[in-house]
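Residue numbers (numbering that gives the first Met the number 0), protein chains in the order written: chain A, 0 to 282; chain B, 0 to 322; chain C, 0 to 315.
Just so you know, the hints here were simulated from the structure itself, not pulled from any lab data. Beta carbons: idealized from backbone N, C-alpha and C, even for Gly. Careful, some of the hints might be misleading.
[Claimed, not checked] Listed next, the stretches of chain A that the computed footprint assigns to chain B, with coverage defined by at least 3 CB atoms under 8 Å from CB atoms of chain B: (1) 125-136; (2) 212-218; (3) 221-227; (4) 249-255; (5) 258-269.
[Said to hold, decoys possible] SDA-like, lysine to any residue: derived pairs with alpha carbons at most 25 Å apart: (6) K242(B) x F119(C); (7) K108(B) x E14(C); (8) K117(C) x S231(B); (9) K198(C) x N32(C); (10) K145(C) x D317(B); (11) K238(B) x G304(C); (12) K238(B) x N87(C); (13) K108(B) x L58(C); (14) K145(C) x L234(B); (15) K238(B) x I100(B); (16) K110(B) x E14(C); (17) K238(B) x P109(B); (18) K168(C) x S124(C); (19) K242(B) x Q82(C); (20) K242(B) x Y147(C); (21) K194(C) x D182(C); (22) K108(B) x P59(C); (23) K168(C) x P247(B); (24) K117(C) x R226(B); (25) K238(B) x L58(C); (26) K110(B) x D14(A); (27) K7(C) x G304(C); (28) K16(C) x L217(B); (29) K242(B) x H125(C); (30) K110(B) x F22(A); (31) K168(C) x G304(C); (32) K7(C) x R64(C); (33) K108(B) x R273(A); (34) K188(B) x D14(A); (35) K238(B) x E79(C).
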Amino acid sequence: MITKVKAGFTFIRGDIWTAISTFILTVFVLVAVLGKWILPYPSEGTGTANVDHLHIGPGAAHWLGTDELGRDLLSRLMYGARSVLFTSLLVVIVAALVGTVLGLMAAFFGGWIDSAIMNISSLFLSFPPLLLSLVAVSLLGPGLKNSLIALMISWWPWYARLIRNEARFVKLRPFVEIAESMGVSRRRIIFRHLLPNVTSPLIIQFAADLGTVILAAGSLAFIGLGAQPPAADWGLLVAQGRSVIFDQWWISTFAGLAIFLVVLAFNSLGDVLRDHFDPRRSK
Amino acid sequence: MLFAASFFTFFLSRIVPNDPALAYIGGKTTAADEQKVRTLLGLDQPLPIQYFKYLRDMLKGNWGYSLSTKQPVLSEILRRLPATLELIFFAVGFALFLGIICGIIAAKKPKGFASSFIRIAAIAGISVPAFWLGLLLQLLFVGKFHIFPATGEFDIDIKFTNPIHHITGFPLFDSLITGNFTALTSGLKHMVLPALTLSAYSFGLITRMSRGNLLEVLGQEYINVARANGISERLILFKLALKNAIPPVITVTGLSTAYLITGTFFVEQVYGWPGIGGFAANSLISVDYPAIMGITILGAVGYLVINFLVDIIYAKLDPRVKL
Amino acid sequence: MNTVLDIKGLKVDFEIKGRKISSPIRGIDLSINAGETHGIVGETGCGKSLTALAIMGMLPANALRTGCISLGDVGELTPENIQQNRGNTISMIFQNPHSAFNPVFTIEQQLLYVARAKGFSSDESHALFPDRLKEVGLVEIHRILKSYPHELSGGMLQRCMIAMALLSKPKLLIADEPTTALDATIGGQVLTLLKRLQKEQGFAMLFISHDVTAVARVSERIAVLYAGKIVEDGPTAEVLGDPQHPYTKGLLGAIPSRNKARGTLAAIPGTVPSNTLGMTGCAFKSRCHLAVPQCDEEPNLTPHGHTSVACWEVRT
Chain A
0 MITKVKAGFT FIRGDIWTAI STFILTVFVL VAVLGKWILP YPSEGTGTAN
50 VDHLHIGPGA AHWLGTDELG RDLLSRLMYG ARSVLFTSLL VVIVAALVGT
100 VLGLMAAFFG GWIDSAIMNI SSLFLSFPPL LLSLVAVSLL GPGLKNSLIA
150 LMISWWPWYA RLIRNEARFV KLRPFVEIAE SMGVSRRRII FRHLLPNVTS
200 PLIIQFAADL GTVILAAGSL AFIGLGAQPP AADWGLLVAQ GRSVIFDQWW
250 ISTFAGLAIF LVVLAFNSLG DVLRDHFDPR RSK
Chain B
0 MLFAASFFTF FLSRIVPNDP ALAYIGGKTT AADEQKVRTL LGLDQPLPIQ
50 YFKYLRDMLK GNWGYSLSTK QPVLSEILRR LPATLELIFF AVGFALFLGI
100 ICGIIAAKKP KGFASSFIRI AAIAGISVPA FWLGLLLQLL FVGKFHIFPA
150 TGEFDIDIKF TNPIHHITGF PLFDSLITGN FTALTSGLKH MVLPALTLSA
200 YSFGLITRMS RGNLLEVLGQ EYINVARANG ISERLILFKL ALKNAIPPVI
250 TVTGLSTAYL ITGTFFVEQV YGWPGIGGFA ANSLISVDYP AIMGITILGA
300 VGYLVINFLV DIIYAKLDPR VKL
Chain C
0 MNTVLDIKGL KVDFEIKGRK ISSPIRGIDL SINAGETHGI VGETGCGKSL
50 TALAIMGMLP ANALRTGCIS LGDVGELTPE NIQQNRGNTI SMIFQNPHSA
100 FNPVFTIEQQ LLYVARAKGF SSDESHALFP DRLKEVGLVE IHRILKSYPH
150 ELSGGMLQRC MIAMALLSKP KLLIADEPTT ALDATIGGQV LTLLKRLQKE
200 QGFAMLFISH DVTAVARVSE RIAVLYAGKI VEDGPTAEVL GDPQHPYTKG
250 LLGAIPSRNK ARGTLAAIPG TVPSNTLGMT GCAFKSRCHL AVPQCDEEPN
300 LTPHGHTSVA CWEVRT
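Bound-form chain A, shown alone (with noise of 0.2 Å):
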């Protein structure tokens, strides 16, 4: 164990960017996390309006701003990561499971299984991405519980196409042949034998689609179809300060801004993860 996190620090103190995007990270879990207790201005942070502050520009007293309501925005960006974070992980853990599931059986099992998961998966993968989503929140209603089940709907055939591919041609080492000439369970081979060799390529896309979700849920309150206020999302704060972007420019701004390093973050990290694990892979 000890060996492993070593291992892990020489591989992130690699370069600097690497280094950078852990902290980023870090600081973006912590914040998720602590949430209420660290805000420096707690009730506006979730939601209080403050009308004696309207619409200050970043200084001293409020250092991102406030926001039309005169709330802090640092405090409402602070508070919103708790609902990225959770809500992303939320949407790609669901989706991986299902789809990891269904991608293992896919590819254990053949025949009639596999073709029907494979083309319902095809049948959705066959949209451009995202415009599942938009279409499935727009019929069931805009909001936050609605934005995430369509996102975790639009996400699951990635996952079940990756897994059945990869695991499909680990099926085909002889030591998978070997296993079941022996007479072991089905149940045990899949968890045994096919999930091991699939984990690399399973972390790899859920680092890297972590922040694509983040982008998704953001894109999705920014046209209004995603998390309602007062939530404080991000993509929902960058919509809102669109309107006077041009003279409270810090709203959008900072909050757009969030939104871009953390999901940079998660996709460096990602790329980080995929050179690690599989060199010989380009990129």
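Put chains B and C on the given structure of chain A with help from the hints.
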């Protein structure tokens, strides 16, 4: 595949809690009126029959009427298509051009400063929220520096001073071939920011793929052999290596173009671009069923077409691939 | 005597940030005359391919070469003039014919690139190619020219590679394991082809391989390479018939052959040192059954009859 797509959207729209008839009328009506509309729209028929009617209508060109604009969906879409296509054209073109160049630069000197910078720029391109980038660019270049105009496809008065003669229906292209240079410059000025915003994601993917692939190709034995036979480094890079490295880049371009389709929803909204994206965004928000279904079909079709094109181009470039 | 290639004191070191990390070639002297083939044998890792790359000026960026390599009339080969000579006066053929060709271009197109690099015009090239391909024993020339590499067999590709290398009638041909990736019969044909071409065109050839039988077939002289130094050098018949250096004896003893009596193959104990940095004395001493204290001092190649041997124990 297309059938499945249409079936799927249809299915979605019918299982959803909202009643299409109500949505169509607006809500302040009597039960009898509602029933009339239902019969009119064919909503009282069993679902499979509804579906067949829907398919038949689609093929005939009747895509229903938009709930918000009350115009035929198909004509609304076709009316706005050229503007979006031109936008996508510029965005992809720009991304390809800059992306491949950056990929080459980064591959020539993999350890250099330029290479690291380009790599980060590529990841940034993939990570940046399109809507935010759009707003930011507007803030800087319109608000601060006053270089570019904020919204719209052309200056408003162009319609009066230098109206564009519509030949192909593509405004920018038409103004080019009719020699209408005022309109052309106005159009190009308006095009810069939206195209740049839209191109970011593609740029990131293309740069990353170009660099990675080129590096891999340059490490191959046949490059060494070419060098041993005295071929110049420049020729090796630009002719021999590049042709090997490009095909996957094309695939990636196709993929990102598909992503771009949904990207236009946001970018066009931010820039007030009169294209399908804006229409789509509005339809989604106002839950305009017929419009949404039309857009979805269009999206799926577009995706299919793009993938098809990519396959063809790939096969042309790489002789090992059979179509 | 028409000396085409003359190598004196070739040393190659690898370094990182100014610090030497290994010395794969520690001093090679070699010369080849026109129309003659000199073979280099040795195990993997002894520096054979690096020697070829050093001559071609294609060493990796962190390599440091010292010593003098000169080519016939051209004189000393330097980083400045190597580019023009490559593919012109010196050519090289490689081990794996399938990976040596660019998969997305036809054979004809690839030949054209090479021909143009050597100054031929398009027309001249198109007139030239059929003859050259015929020279290397290919038939169906038109089909081959229009084919892509993945459509041709290893033997055909190797012949194409030879044709490509000989396009400009070089003075020196370096062959780096050209038959290793081919099956025995095809390999044999390629060897015969090379020898015939050498007789017809009169180039000098440096033939590198770990396959002693192949080297023996084409070379008039053989040099045995161990850990970056030549330990024995001389006419083929003598080196193979009456090896002097303990390593050579061990190497030849380890070759299976029909003529040897049945029994276990003799293996040389130990392994080739992977990095000779910091080593003093003979590199073979740790594996040598003749080792004596004097072996702590590096033996040089000294003439012994018709061959040269680098060993203290070979005297009389």
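Tested hints:
Given a C-beta distance limit of less than 8 Å, the hint that chain B covers the region 125-136 of chain A holds, as 10 residues qualify and 3 suffice. For the region 212-218 of chain A, the proposed coverage by chain B is satisfied: 3 residues have a C-beta within less than 8 Å of a C-beta in that chain, meeting the threshold of three. Counting residues of the region 221-227 of chain A whose beta carbon lies closer than 8 Å to any beta carbon of chain B gives 4, which meets the minimum of three for the stated coverage. Check result for the region 249-255 of chain A against chain B: holds, 4 residues qualifying (beta carbon to beta carbon below 8 Å, three or more required).
For the region 258-269 of chain A, the proposed coverage by chain B is satisfied: 7 residues have a C-beta within less than 8 Å of a C-beta in that chain, meeting the threshold of three. The hinted pair formed by K242(B) and F119(C) meets the criterion: a straight-line CA distance of about 23 Å does not exceed 25 Å. Taken as a hint, the K108(B) and E14(C) pair is honoured in the structure, with Cα atoms around 19 Å apart against an allowance of 25 Å. Pair hint K117(C) plus S231(B) holds up; C-alpha atoms about 10 Å apart against a cutoff of 25 Å.
Between K198(C) and N32(C) the CA atoms are separated by roughly 13 Å; this keeps the pair inside 25 Å, and the hint holds. Only pairs whose Cα atoms come within 25 Å are accepted, and K145(C) paired with D317(B) is accepted, the gap being roughly 15 Å. The hinted pair formed by K238(B) and G304(C) fails the criterion: a straight-line CA distance of about 54 Å is larger than 25 Å. Annotation: proposed proximity of K238(B) to N87(C) holds, straight-line Cα distance about 21 Å (limit 25 Å).
The straight-line distance between the Cα atoms of K108(B) and L58(C) is roughly 17 Å, inside the 25 Å bound, and the hint therefore holds. The straight-line distance between the Cα atoms of K145(C) and L234(B) is roughly 21 Å, inside the 25 Å bound, and the hint therefore holds. For the suggested pair K238(B) and I100(B), the alpha carbons sit about 14 Å apart, so the restraint of at most 25 Å is met. Annotation: proposed proximity of K110(B) to E14(C) holds, straight-line Cα distance about 17 Å (limit 25 Å).
Restraint check: the Cα-Cα separation between K238(B) and P109(B) comes to about 19 Å, which is no more than 25 Å; the hinted pair holds. At most 25 Å may separate the alpha-carbon atoms for a hinted pair to count; K168(C) and S124(C) meet this at roughly 14 Å. Between K242(B) and Q82(C), the direct Cα distance comes to roughly 24 Å. Compliance with the 25 Å bound is thereby established for this hinted pair. Between K242(B) and Y147(C) the CA atoms are separated by roughly 14 Å; this keeps the pair inside 25 Å, and the hint holds.
As the CA atoms of K194(C) and D182(C) are separated by approximately 18 Å, the hinted pair is consistent with the 25 Å bound. With a C-alpha separation of about 14 Å, the suggested pairing of K108(B) with P59(C) holds against the 25 Å cut-off. Under the criterion of a C-alpha separation no larger than 25 Å, the hint pairing K168(C) with P247(B) is inconsistent with the structure, at around 38 Å. Annotation: proposed proximity of K117(C) to R226(B) holds, straight-line Cα distance about 12 Å (limit 25 Å).
Distance hint between K238(B) and L58(C) is fulfilled; the C-alpha atoms sit about 23 Å from each other, no more than 25 Å. Between K110(B) and D14(A), the direct Cα distance comes to roughly 12 Å. Compliance with the 25 Å bound is thereby established for this hinted pair. Proximity of K7(C) to G304(C) is assessed by CA-CA distance (about 21 Å); at most 25 Å being required, the pair is judged to hold. Between K16(C) and L217(B), the direct Cα distance comes to roughly 24 Å. Compliance with the 25 Å bound is thereby established for this hinted pair.
Taking the CA atoms of K242(B) and H125(C), the gap is about 23 Å. The hint holds against a cut of 25 Å. Restraint check for K110(B) and F22(A): the C-alpha separation of about 24 Å stays at or below 25 Å, so the hint holds. For the hint linking K168(C) to G304(C), the alpha-carbon distance of about 35 Å lies beyond 25 Å, and the restraint is violated. For the hint pairing K7(C) with R64(C), the CA-to-CA distance comes to about 12 Å; that is within 25 Å, so the pair holds.
Restraint check: the Cα-Cα separation between K108(B) and R273(A) comes to about 22 Å, which is no more than 25 Å; the hinted pair holds. Distance restraint check for K188(B) and D14(A): the Cα-Cα separation of roughly 40 Å exceeds the 25 Å cut-off, and the hinted pair is therefore not satisfied. Restraint check for K238(B) and E79(C): the C-alpha separation of about 24 Å stays at or below 25 Å, so the hint holds.
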